[in-house]
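All chains should be built: construct the whole structure from the sequences, respecting the hints.
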Amino acid sequence: MHPILGQFRRLIAYLLSWLPLSAMLVYLLAVPGGLTWAEAFALGIPLCLLYGFMCLSAWYSCRWTPLDRAGALQVAFTHLLGAIVVSGIWILAAKALAHELSAFSAFNGLEPRLSKNLPLLFGTGILLYLLAVAFFYVLLAVQQSQEAKEREMKAGVLARDAELRALKAQVNPHFLFNSLNSISALTSSDPAKAREMCVLLGDFLRRTLGLGEKAAIPLEEELSLIRSFLAVEKVRFGARIQMEENIDKDALDIFVPPLLLQPLVENAVVHGISNLVEGGSIKLEIHSRNGTLSIAVENSFDPDSPPRRRGGVGLANVRQRLATRHGNLASFDVKTEGDRYRVAITMPAERPEHAP
Amino acid sequence: MTQSADKKFRAVIVDDEELARQVLREFLTAHPEIEIAAECANGFEAVKSVTELNPDLVFLDVQMPKLDGFEVLELIGASAAVVFVTAHDNYAIRAFEVHAVDYLLKPFGCDRFEAALTRAKERLSAASPATSPTAQPAPPLPSPSDLAAAARPPAQYLDRIPVRDGTKVFIIPVAKLDYAEAQDDYIALCSESKKHLKQQTISSLESALDPSRFLRIHRSYIVNLERVARIEPYGKDSHVAVLHNGTQLPVSRAGYARLREFLDR
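Residue numbers (the numbering used here), protein chains in the order written: chain L, 1 to 356; chain V, 1 to 265.
Derived by calculation from the structure, the hints in this document are not laboratory data. A few of these clues could be false.
Unchecked claim - What the simulated footprint calls covered on chain V by chain L, stretch by stretch (three residues with Cβ under 8 Å from a Cβ of chain L suffice, anywhere in the stretch; the number is not a length): (1) 14-26; (2) 59-70; (3) 95-107.
To be verified - No farther apart than 35 Å at their CA atoms in a straight line, the calculated lysine-lysine pairs in the DSBU-like style are these: (4) V:K48 to V:K195; (5) L:K214 to L:K149; (6) V:K194 to L:K335; (7) L:K234 to L:K214; (8) L:K193 to L:K249; (9) V:K168 to V:K8; (10) V:K48 to V:K168; (11) L:K234 to V:K168; (12) L:K335 to L:K234; (13) L:K154 to L:K214; (14) V:K195 to V:K236; (15) L:K193 to L:K116; (16) L:K149 to L:K234; (17) L:K214 to L:K249; (18) L:K193 to L:K149; (19) L:K335 to L:K249; (20) L:K335 to V:K236; (21) L:K116 to L:K214; (22) V:K168 to L:K283; (23) V:K8 to L:K283; (24) L:K283 to V:K176; (25) L:K193 to V:K48; (26) V:K168 to L:K335; (27) V:K195 to V:K176; (28) L:K234 to V:K48; (29) L:K234 to L:K249; (30) V:K194 to V:K48.
Using N, Cα and C, we set each Cβ at its ideal position, and we do this for glycine too.
Take a look at the structure:
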């Protein structure tokens with residue numbers, strides 16, 4: 001699609017920009033060319049308009065010889081050839097017009113007088129064509145950068161889509177299956193407990209629903225999600241899970257991406273506690289200092305436990321989400337000391353007034 | 001009622017979650033012919049109980065502390081009928097490759113459990129020579145370790161080898177394995193100057209180990225390449241590999257070619 005021919009308003013603006021050029025042409029024909037001003041006007045204005053149209057063709061040759069891919073020689077050759085052809089046609093048109101005008105008494109003898117000026121006109125034509133080439137190259141560059149921006153935006157949307165899908169997948173189906181199995185066990189032995197477990201599980205699932213649409217939630221909300229997750233896991237693992245919390249009260253209203261911490265805690269259960277015969281503890285530390293939120297999830301684990309696959313997917317996802325959101329302002333560290341595994345995160349503390 | 005239906009079966013339940021064991025226990029109460037011999041909460045306990053009690057039937061969870069279900073199966077041998085019980089459906093193919101009787105997905109209902117139990121009983125009565133004296137002797141089954149090695153997901157190599165000595169289980173991280181030596185139906189795994197015997201063929205072990213770290217240097221030997229100090233000529237045209245701890249291992253001609261190829265890379 002031609003960017004100028006395609007839109008009427010653009011075409012008008014483009015032709016208007018040729019007005020100063022037509023003034024120049026009239027001047028050239030009148031002063032160095034020796035035509036009368038009336039003749040110069042009668043020839044210059046229509047010729048210039050015509051040439052404006054003719055130069056639109058430069059767009060196509062610009063498109064076929066993009067500056068970043070075509071060689072310099074190819075670019076020079078293409079446009080010089082184009083300039084010669086277009087300018088040649090133009091002076092033929094000028095001659096024809098002069099011939100027609102000569103019929104009027106006012107413009108008697110215009111044709112031979114113009115003929116002397118044809119080299120001048122030809123040269124001007126070439127220069128104007130090359131000017132149009134330059135203009136179209138600028139236009140192409142602008143278009144390309146706009147397209148790139150659009151692509152970038154699209155990529156951003158895609159990335160967010162992918163993140164949402166990842167979030168949904170993060171609520172581990174095996175967690176669900178194992179919990180249902182626990183409920184199945186309790187229905188006959190302890191129906192009240194079974195009902196309680198149903199409520200806990202429902203509570204957790206309800207909290208995770210709809211989280212994907214939110215870019216950020218208050219830390220307090222994420223914490224209650226974690227607590228309801230652990231409440232379910234505690235029914236499964238009994239006394240094997242111990243939870244320690246050390247949380248700054250004033251950190252609770254800081255906004256964090258949803259399901260940022262839950263995967264860390266789930267990881268601590270699946271890869272840590274569940275491999276320990278006697279169980280172990282998960283320690284959650286959250287502090288807020290000088291506009292920085294630091295979070296650490298620490299758990300005991302068995303260094304000799306059987307290897308499990310799927311490990312690290314949740315962590316990689318958290319790391320990636322932090323990086324896309326905060327770039328270098330966030331940090332993500334994993335440390336293993338003896339039988340303790342520790343994931344530490346720091347990120348800028350987003351308070352409600354800054355949050356979307 | 002046939003004779004086999006009256007037979008008592010002994011079962012062991014292996015799951016690290018008390019509630020998960022409870023479901024199985026409850027479903028088994030409807031079957032007086034099945035006696036629960038033991039309940040185990042981790043892989044080590046499972047191996048110990050199964051070797052000591054020699055049960056007919058094992059209900060086995062996959063993800064557990066200490067040893068996973070497949071490692072347990074590898075160590076307890078093929079004597080019992082094994083029903084895997086897990087929430088993960090992605091182990092099903094592997095489970096049948098190691099000749100599990102059935103694969104119960106948590107949560108499961110009574111009907112599904114009954115189906116698994118029926119299958120297990122069929123397997124047990126078919127395997128029992130007393131009930132089918134005229135049946136042709138079954139071809140020797142590959143050892144559970146061989147099956148486990150073959151059933152491992154592609155492009156994933158062992159990073160630890162469980163071995164059993166009586167009721168005791170040892171875990172040998174492959175990084176600590178110096179070499180493996182074939183001895184009849186067994187392989188001897190040498191690690192930290194101790195030898196552990198395991199019923200497995202050397203070629204199935206070879207296929208389970210990372211070929212960039214372990215090399216078959218002889219019909220009967222696989223060596224950890226990190227342990228090799230030097231190769232010395234031995235006799236007319238054979239070689240020995242000398243390990244850092246001084247052990248000398250024979251290198252066959254084909255093994256020497258493989259070693260050269262590896263070293264030239």
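Outcome of the hint check:
Coverage of the stretch 14-26 of chain V by chain L holds. Counting CB-CB distances below 8 Å, 8 residues qualify, and the rule asks for three or more. For the stretch 59-70 of chain V, the proposed coverage by chain L is satisfied: 6 residues have a C-beta within less than 8 Å of a C-beta in that chain, meeting the threshold of three. Note: the stretch 95-107 of chain V has 3 residues with beta-carbon separation from chain L under 8 Å; the three-residue rule is met and the coverage holds. As the CA atoms of V:K48 and V:K195 are separated by approximately 20 Å, the hinted pair is consistent with the 35 Å bound.
Distance check on the hinted pair: L:K214 and L:K149 sit about 25 Å apart at the alpha-carbon level, within 35 Å; holds. For the hint linking V:K194 to L:K335, the alpha-carbon distance of about 32 Å falls within 35 Å, and the restraint holds. With a C-alpha separation of about 28 Å, the suggested pair L:K234 and L:K214 falls inside the 35 Å cut-off, and the hint holds. Between L:K193 and L:K249, the direct Cα distance comes to roughly 32 Å. Compliance with the 35 Å bound is thereby established for this hinted pair.
In summary, the hint linking V:K168 to V:K8 is supported, as the alpha carbons are separated by about 28 Å, within the 35 Å threshold. For a cut-off of 35 Å, the pair hint linking V:K48 to V:K168 stands: about 7 Å separates their Cα positions. Simply put, L:K234 and V:K168 have alpha-carbon atoms about 31 Å apart, close enough for the 35 Å limit, and the pair holds. The straight-line distance between the Cα atoms of L:K335 and L:K234 is roughly 25 Å, inside the 35 Å bound, and the hint therefore holds.
The straight-line distance between the Cα atoms of L:K154 and L:K214 is roughly 19 Å, inside the 35 Å bound, and the hint therefore holds. At roughly 30 Å between alpha-carbon atoms, V:K195 and V:K236 fall within 35 Å of each other, so this suggested pair holds. Proximity of L:K193 to L:K116 is assessed by CA-CA distance (about 107 Å); at most 35 Å being required, the pair is judged violated. A hinted pair counts as satisfied when its Cα atoms are at most 35 Å apart, and L:K149 with L:K234 does not qualify at roughly 49 Å.
Restraint check for L:K214 and L:K249: satisfied, since their Cα atoms lie roughly 23 Å apart, inside the 35 Å limit. Annotation: proposed proximity of L:K193 to L:K149 is violated, straight-line Cα distance about 56 Å (limit 35 Å). Taken as a hint, the L:K335 and L:K249 pair is honoured in the structure, with Cα atoms around 26 Å apart against an allowance of 35 Å. Annotation: proposed proximity of L:K335 to V:K236 is violated, straight-line Cα distance about 54 Å (limit 35 Å).
With a CA separation close to 75 Å, the supplied pair L:K116 and L:K214 exceeds the 35 Å bound. The straight-line distance between the Cα atoms of V:K168 and L:K283 is roughly 34 Å, inside the 35 Å bound, and the hint therefore holds. For the proposed pair V:K8 and L:K283, the alpha carbon gap of about 48 Å is over 35 Å, so the pair is violated. In summary, the hint linking L:K283 to V:K176 is supported, as the alpha carbons are separated by about 33 Å, within the 35 Å threshold.
About 33 Å separates the Cα atoms of L:K193 and V:K48, which keeps this hinted pair within 35 Å; it holds. Between the alpha carbons of V:K168 and L:K335 the distance comes to roughly 32 Å, so the proposed pair stays at or under 35 Å and holds. Between V:K195 and V:K176, the direct Cα distance comes to roughly 12 Å. Compliance with the 35 Å bound is thereby established for this hinted pair. As the CA atoms of L:K234 and V:K48 are separated by approximately 28 Å, the hinted pair is consistent with the 35 Å bound.
For the hint linking L:K234 to L:K249, the alpha-carbon distance of about 25 Å falls within 35 Å, and the restraint holds. Only pairs whose Cα atoms come within 35 Å are accepted, and V:K194 paired with V:K48 is accepted, the gap being roughly 21 Å.
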